[in-house]
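**Student:** Assemble the complex: chain A is given as a structure, and chain B must be docked to it using the hints.
Chains A and B supply the protein sequences, listed in that same order. My numbering numbers the first residue of the first sequence as 5 and each following residue consecutively. My numbering numbers the first residue of the second sequence as 9 and each following residue consecutively.
These aren't lab readings, by the way, just hints derived from the structure by calculation. Be careful, since some hints might not be right.
Restricting the straight-line Cα-Cα distance to at most 25 Å, the calculated cross-link-like pairs of lysine-lysine (DSS-like) are [stated by the list, open to error]:
(1) B:Lys243 to A:Lys143
(2) A:Lys125 to B:Lys169
(3) A:Lys90 to B:Lys169
For the chain A half of the interface with chain B, some residues (derived, Cβ under 7 Å), not all of them [as the list claims (entries may be wrong)]:
(4) Arg121
(5) Thr127
(6) Ala141
(7) Ala154
These figures come from a predicted structure and were not determined experimentally. From the three backbone atoms N, C-alpha and C, an ideal C-beta is built for every residue, glycine too.
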Amino acid sequence: MSTKPIDNETDNRGGDDGAQVVGHILQPGVDLSHKVILYLEEISVSFDGFKALNNLSLTIDAGELRCIIGPNGAGKTTMMDVITGKTRPDAGTCFFGQTLDLTRMTEPEIAHAGIGRKFQKPTIFENHTVFENLELAMKTDKRAWTSLFAWLSQEGRDRIADTLKQIRLDREADRLAGLLSHGQKQWLEIGMLLMQEPQLLLLDEPVAGMTDDETERTGELFKSLAGKHSLVVVEHDMAFIEQLGGKVTVLHEGSVLAEGNLATVQADPRVIEVYLGR
Amino acid sequence: MRTPFTLRFLAAMPRSGWIAMGCFAVVTLLLMPALHLFVPESSPFHMSNYAITLGGKIMCYAIVAVAMDLVWGYAGILSLGHGVFFALGGYAFGMYLMREIGTDGSYHSHLPDFMVFLDWKELPWYWAGSDSFVWALILVLAVPAVVAYVFGYFAFRSRIKGVYFSIITQALTFAAMLLFFRNETGFGGNNGFTDFKRILGHDITSPEMRATLFALSALVLMLTLLAGRYLAMSKFGRVLAAIRDAESRVMFIGYNPLHYKLFIWTVSAMLCGIAGALYVPQVGIINPGEMSPANSIEIAIWVAVGGRGTLIGPVIGAGLVNAFKSFFTVAFPEYWLFFLGALFVGVTLWLPEGVVGLWKRIRARVAA
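This is chain B alone, in the form it adopts within the complex:
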């Protein structure tokens, strides 16, 4: 007998998982926005602009980390170029945000400021429709998806694997960064997009908008985790893990790894795109720096620190590393990259399964 889809979905996670997710939902969807909106600033329980933006930012990073883990932890594909998909999603939504400025920019033109500065008279063709919110949402998903699909198709069809694949993804994000640095590309060159004013006519800096974006980030993170959980528990997930461990065996029992890899790779890129689109209005800027190779490597480090092949691991990793980063870049700004590198080496040597693996080991020892 076939079990209804919803039942299968419910069975994908143990009860404790659902309870944890419920608690997370109450805190991030109700409690924290309420503390931001309704508790007066003088109260110690008020959630400040800084805190709510930082929280929203870290949740966007967590979405990227989970997306990264789907390809690295489950399918064994180490991408060192996931930043490019994040940035593409950010740029796609950034275009809309630039158009929403309207004539309130420094030059009071209907064109974005940087275009006026370049003495452009009209929008380039690929900006067509960018004033539409719906079109922006479509681009947020479609642009990373198309780039990932085309890139993935050729890479996976040629059976490029392991470190070679990682290097090519680094090259991809680096090339994209150079392209976006050019003013002629039409995305604001090295300044990127900033100075956003509104989303759907509402002030982007209002507490209501901040709370909404925060809650949306939390919601997308939860949906990403659920989708990831479903994928991991499905037969699709078992085939992916099999491809990771013994690809040729998978082929000889009749699965075509190309389609499996391509699917998870494209889905992962789309998730990064959504995260980027949520990130940009919260931090108020997107520039080609997001595509720098170091950024993409950092994403891999979040996942490694948290624990590959688990879904909660990347969330913890993204949170931990960014908490360290917030502290370090203020206290010892010049040492941050050294610390990040040391962290990666340390985790690889002593914690191959990340923080989640450490937790499991501690629990096993306590139980024994």
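Just chain A, same shape as in the assembly:
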């Protein structure tokens, strides 16, 4: 699939270095020429014989906001582990855009390519201040040698200040992140994700532990991000999914059971059986 030539209309970047030849040159960054940001094809992962993912195939369009639901053990988190390089699949391919084979990249490389992830349990740097958490996440040169001499620019400060307002933590900037409430930690992690400026955001239960008001605001934020970014949201909160309003994929026993808008999926007898039959 990655060998298909890019049509000339979208490939206007090849000429910069004078290499106007047939075919195309591997560009740095994600190649969205087919309007698809993520391909998962026939991915299988097993742990000690238990098939966490079983021939899972899924594509996410560029700019899409996709919700993933499914009962416990359906493979939602494992799927995110595969995409972010934490788990290597036993079989199948996983491509970011047309060219980047995620199964061959390390976690930091995948993060650099433009995939950001929010964990199920909020994972922030508890001994750093809120400000520092965002600073560390900010998109920049993250090599060790550069960090030795890195100094935060005014633009960087402004960006952090903007994000702090966006996640409503501007008054907590100098507090230790470990002292925040659960909901605030969730927001901080989302803020860190935004600082990374990823193209694809993977959000594992982003509104768990939030108040209704916070949940609603999170939904608004996600909807505003869609289009420019692509989002994959794993959630159990049906009201939240309804608010997001995107396409819904139901996972069950490691593969896709149903896909469509929320109403269609909820009406699907197989989905009802999976959810109510146990």
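**Tutor:** For chain B alone, kept in the frame of chain A given last:
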């Protein structure tokens, strides 16, 4: 706007820190050497050979403690093998000291005594250039750095962490000790190197040389503290602390922990090497005992007692524990290791932040 590097550096420490460092510099670089050199021995203010050597020794230990804290306190990597880097630096400089003996040894040979004793006719290839002071300085830095880099690369790349890493470092220092115990290794076997005579042609036991080595140790300690302070305040330091607290999060926001750990690990090993090189001419001997696992554990205890994750803590810890040691090994020699073990358990249970943490708690209580 970019702030000039020097300004950033000055801002890395509060004014009180700079004042404290200035006082330390005056005392160790001027006052104490002067008391040793110019005050007559009959005066109560004279600083004796014993005192100046002990002071220099403890400052070498303090450098090791700070180096250890950079990897343990800031990056969360508990090394129980830092003694090996200290000893390697000591051996590297010891080779030069052995060559400076010239033909003044017991056998009046141009070869070091132990080689004559083994009936070797010429220097092994790895002793080439060891008569050069500059080459010795290069080895002091390069040998610990290369060993640390190679070891660290494989350990960190395999994501070996926590207690597993600590155990492997113990094995590293133990293996090195066994290697250096062998006569065939070419470093004097269990006797190691001793009987040094000169550095750059100057008598190693002269008061001037003692004072110089003492002042150099103090200078290196201060530079180590400054470098540590800069590292801790830099973005590099914040990333390190983040790796310590949540390594997978760090990876998922795009940092490769391997390079960060490897850098601080190698720098730490080099600092230990420098400390070892300063230590050997002051105590006059280096042998494989410095690589014993117990020595490396003791380094960790200095840091734990002083306070991990602070820079002044390890200095205090190294000083305190060695002061205890000087007292105990004279008064109750057979109980020293029991005391050391009890100290470690006690500090872990009741003073997780060490003496510095205790001081902070007392101050907070007084303020409240």
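**Student:** Work down the list of hints and note, for each, if the structure agrees.
**Tutor:** Against the structure, the hints come out as follows:
no.	hint	result
1	B:Lys243 to A:Lys143	holds (14 Å)
2	A:Lys125 to B:Lys169	holds (22 Å)
3	A:Lys90 to B:Lys169	holds (17 Å)
4	Arg121	holds (5 Å)
5	Thr127	holds (5 Å)
6	Ala141	holds (5 Å)
7	Ala154	holds (4 Å)
When held up to the earlier numbered hints, the structure conflicts with none and fits them all.
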